[in-house]
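Q: Now for the letters of each chain:
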Amino acid sequence: MSHETAMAEGGFWRDSGKTGIGAWIFSTDHKRIGLMYLYCVLGFFLVGAFLGFLIRLELMAPGPTIMTAQTYNAMFTVHGVVMIFLFIIPGIPASFGNLVLPIQLGARDVAFPRVNLFSWWLYAIGAIIVLTSLFTGGGAPDTGWTFYVPFSSRTTTNVSLAVFGVFVLGFSSILTGINFITTIHRMRAPGMTWTRIPLFTWSLYATAWVQVLATPIIAITLLLVVTERILGLGLFDPTRGGDPVMYQHMFWIYSHPAVYIMILPGMGVISDIIPVFSRKPIFGYKMIAFSSLAIAAAGSAVWGHHMYTSGMSDLGILVFSFLTFIVAIPSAIKVFNWVSTMYKGSISLEAPMLFALSFILLFSIGGLSGLILGAAATDIHVHDTHFVVGHFHYVMFGGTGFAFFAAAHYWLPKYFGRRYQEKPAIIGWVLMFIGFNILYFTMQVLGMEGMPRRYYDYLPEFARLNFVATVGSWIMLTGVAIVVWNLWRGLFKGEPFTGNPWGGASLEWSIATPPPTENFEEDPVVTHGPYDFKGAGVP
Amino acid sequence: MSHLEKDSFGAKLGMWLFLFTEMLLFGGVFILYSVYLTRYPKEFGLGGHQLDLVYGATNTVVLLTSSLFAAMSVTAIKTGAKKLTLGLLSGTIGCAFIFLGIKYLEWSAKIHHGIYPNSPKLIAGPPGESIFFSLYYLTTGLHGIHVIVGAVLMSWTAVMVTKERINATDNVTLENVTLYWHLVDLVWIFIFPLYYLIL
Ligand code: HEM
Ligand SMILES: [Cu+2]
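Protein sequences, first through last, are from chains A and B.
Mapping of the first sequence onto my numbering: position 324 corresponds to residue 324, and the numbering continues sequentially without gaps.
Count along the second sequence from 1, then add 539; that gives the number in my numbering.
Hints are not guaranteed to be accurate.
Incomplete in silico selection of chain B near chain A, CB under 8 Å [claimed, not checked]:
id, residue
1, Phe548
2, Gly553
3, His652
4, Pro659
5, Ala663
6, Thr701
In case anyone wonders, no lab produced these hints; they're calculated from the structure.
Note that the structure is a prediction, hence the values are computed from the model and not measured.
By construction, the Cβ of each residue, glycine as well, lies at the ideal position given by its N, Cα and C atoms.
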């Protein structure tokens with residue numbers, strides 16, 4: 001069924017009168033760009049999840065199960081690259097950010113609509129380059145998504161092309177960041193003061209700064225890997241006077257802050273959803289907004305906690321350990337404020353809220369295990385074990401991944417004019433949540449017991465828990481399949497979604513569903529805050 | 540603020556942010572430079588002496604002149620002097636070509652002497668020396684690419700000025716391209732002392 005007949009009201013789907021693919025891939029409308037990102041990002045998520053499923057299948061039993069060791073190495077590398085660079089970094093900012101941010105500010109588009117389209121093209125081109133690298137040259141890269149030298153400068157697999165693709169993706173991320181910062185500074189509607197900006201947009205503001213300030217470092221680092229491979233510069237090669245640990249520093253100077261590119265937008269989603277489904281204004285608005293900036297700032301100085309074991313001075317370890325613990329404070333403030341918001345609220349447990357609640361729990365578990373990794377003494381025990389893998393899946397998938405689905409259930413009906421069915425959404429969520437914990441909690445236990453990560457095979461004593469984890473992955477993926485299918489079907493064929501059914505007070509709920517191309521018939525004048533439900537006339 | 544009127548302040552803000560990312564990009568190389576300098580101070584000094592000061596100094600003057608032309612072109616367009624603007628822009632582009640020409644001479648002389656990344660001569664020499672020259676080729680190469688991009692942008696703005704799409708009232712594009720050019724110049728102002736004047 002074509003979009004045109006599927007959309008209940010029309011809105012930006014029809015407004016321009018233009019149809020066909022050209023009306024999408026050349027459109028500068030932030031909503032169309034947002035949806036294009038969304039389709040790509042979701043597609044890559046499913047590809048990445050399938051690879052994760054295969055990795056787990058291989059680890060189900062000791063010894064070779066379904067693939068060779070080389071395939072396994074390629075498999076976890078590609079899984080990591082796809083999930084990190086194609087799914088989770090652009091995930092919420094590029095898709096939901098583009099869909100929602102201008103409307104929440106009362107603007108008709110972002111500051112640079114053509115640059116915005118260009119970013120999407122860069123994303124698409126980067127993705128194509130990365131995918132090409134899997135099937136050409138010496139085959140899929142096998143270095144792990146971190147591309148650590150010296151292996152990455154020696155392996156005969158197609159690392160150069162993959163790394164170049166990631167470079168292009170980084171450029172896309174930078175341009176999105178610049179666009180959002182400028183939009184937030186210059187395009188706010190009259191009355192949209194800094195303390196009336198919805199917290200989702202606030203979180204994107206902090207994220208955008210990280211995108212702008214950290215990404216150039218990974219860009220140059222990746223270029224160095226390529227030149228190292230092509231020209232043999234020797235800058236990271238110890239036999240030539242270079243230092244591989246310098247690579248690790250440069251890589252993590254970006255990649256730790258990148259963790260906040262991944263998680264901050266997720267926190268923003270949760271800050272917008274919790275008050276709406278608790279029917280209460282958010283508790284501690286300023287604290288939440290400010291803590292986003294604090295996380296972004298403090299998080300930029302802690303990269304060294306990835307390298308406690310690669311040879312660092314004791315003083316260095318002490319400083320990085322200390323700074324890492326500091327980041328926990330603003331994160332904890334957020335959790336505290338979300339919980340306080342719910343206190344004595346009239347909570348309605350619909351799908352977006354269920355995903356938001358599970359975010360809080362899973363993110364907290366991930367964060368606490370992060371403290372274990374932040375303290376050098378315990379990190380040395382669990383470094384590069386499955387504990388780490390469990391930790392970052394709790395944060396990234398349990399956090400951002402669940403926030404992504406929360407956002408999808410919360411906002412997408414607004415843009416499609418139709419909604420998903422509630423019951424399958426809840427069943428899917430339950431399976432995801434249960435399977436998730438079986439899978440990743442078991443991984444953490446395995447790591448504690450000493451099972452290393454990125455190993456093709458393991459000792460027999462780990463067999464039982466590995467089997468359990470693999471069963472968990474089946475349950476979780478069944479849940480993912482139900483959720484995605486239900487969303488997809490609902491958005492194109494579901495019941496009409498009109499008005500303001502969730503009862504939100506931010507600007508996106510005040511305009512037509514689906515929104516018209518120009519968002520606002522007349523430029524709005526903002527008179528109340530985003531969580532002032534009474535001011536917005538929400539019953 | 541409605542999107543209907545053109546927001547030149549916003550455009551400049553965006554450009555500044557972008558330039559910031561460019562500085563950080565070069566910042567990555569300069570971090571490597573400083574770490575390896577503390578490790579191999581002697582080799583870096585010796586390496587620096589092998590670079591041709593005349594070429595380097597000439598190029599510095601050429602780039603500074605080009606930046607001056609670029610800045611003057613912005614003043615010119617604001618008074619509506621189209622011919623003058625075009626003349627100044629061609630001056631900038633001309634300087635870019637001179638710069639690249641000199642760079643070409645310099646690189647080929649070095650390569651002729653067997654000094655290039657991974658060359659047998661460098662591999663046989665002390666490690667710090669090969670690090671120095673690797674960084675030299677990397678930084679000046681990256682900078683050279685920026686010079687080329689800047690020259691292309693300048694030519695494009697010149698076309699826009701001819702078509703009067705950039706004019707006395709609407710000239711933020713020219714201003715932004717000029718800002719980019721100043722950045723290219725600025726980065727060179729760092730490269731020159733770090734590589735050519737190092738003790
Ligand atoms: C959906 C189901 C998923 C499954 C079954 C899964 C499973 C796995 C497994 C088994 C590994 C290998 C661990 C190792 O030996 O190093 C892994 C690694 C990884 N996963 Fe996932 N994962 C899933 C989703 C995700 C998501 C949503 C993300 C990111 C947002 C993600 C990011 C990563 C990363 C970055 C690695 C590290 C690869 C490396 O060590 O280089 N995964 N995953
Ligand atoms: Cu980190």
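Q: Compare the structure with each hint and give your call.
A: Hint check:
1. Residue-level restraint check for Phe548(B) holds (minimum Cβ-Cβ distance to chain A is 7 Å; threshold 8 Å).
2. Because the smallest distance between the Cβ of Gly553(B) and any Cβ of chain A comes to about 5 Å, under 8 Å, the interface hint for this residue holds.
3. Hint on His652(B) is violated. Least Cβ distance to chain A is approximately 17 Å, over the 8 Å limit.
4. For the restraint placing Pro659(B) at the interface with chain A, the shortest Cβ-Cβ distance is roughly 12 Å, beyond the 8 Å limit, so the hint is violated.
5. A hinted interface residue such as Ala663(B) counts as satisfied when its beta carbon comes closer than 8 Å to some beta carbon of chain A; here the least separation is about 11 Å, so the hint is violated.
6. The interface hint given for Thr701(B) is violated, since its Cβ lies 22 Å from the closest Cβ of chain A, which is over the 8 Å cut-off.
In this structure, the earlier hints numbered 3, 4, 5 and 6 are contradicted, and the remaining ones agree with it.
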